[in-house]
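Full structure from sequences and hints, please.
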Amino acid sequence: MASQTTSIRIDEEKLARIDRLAATIDRTRSWVMNQAIEQYLDHEEWFAEAVAEGIEAADRGDLVPHDEAVTAARGRIAKVPQGDR
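Take 0 as the starting number for the sequence shown in numbering that gives the first Met the number 0 and just add one per residue.
Treat the hints with care, since some could be wrong.
[Unchecked claim] Estimated spans, in silico, between C-beta atoms of each pair: (1) 51 to 4: 29 to 39 Å; (2) 3 to 26: 14 to 24 Å; (3) 66 to 17: 43 to 53 Å; (4) 25 to 76: 31 to 41 Å.
Hints are computed from structural coordinates only; laboratory data are not their basis. Note that CB positions come from ideal geometry on N, CA and C, so glycine has one too.
Have a look at this one:
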């Protein structure tokens with residue numbers, strides 16, 4: 000895939016963090032920034048899709064009663080080790 004050069008404004012501290020990480024993992028600044036952007040886009044696209052699916056489900060009336068949602072959430076929280084909460 001062909002790549003294009005672009006520019007962004009970034010504060011010095013973030014750039015220093017990127018450079019430290021790049022040096023630590025023996026990669027270029029460009030590689031680190033591309034990985035960060037890829038991960039961000041993957042997450043945001045997933046999230047936007049999940050929200051759209053949720054809205055569609057709500058529009059269809061496919062809703063979970065509040066007490067069921069609370070019970071399910073409490074069950075999940077109870078399974079998380081105490082130190083991770």
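Tested hints:
For the hinted restraint 29 to 39 Å between residue 51 and residue 4, the CB-CB distance of approximately 33 Å keeps it satisfied. Roughly 20 Å separates the CB atoms of residue 3 and residue 26, a value that falls within the hinted 14 to 24 Å. As the Cβ distance of residue 66 to residue 17 is approximately 46 Å, the hint placing it in 43 to 53 Å holds. With their beta carbons about 40 Å apart, residue 25 and residue 76 fall inside the hinted range of 31 to 41 Å.
Every hint from the earlier list agrees with this structure, and none is contradicted.
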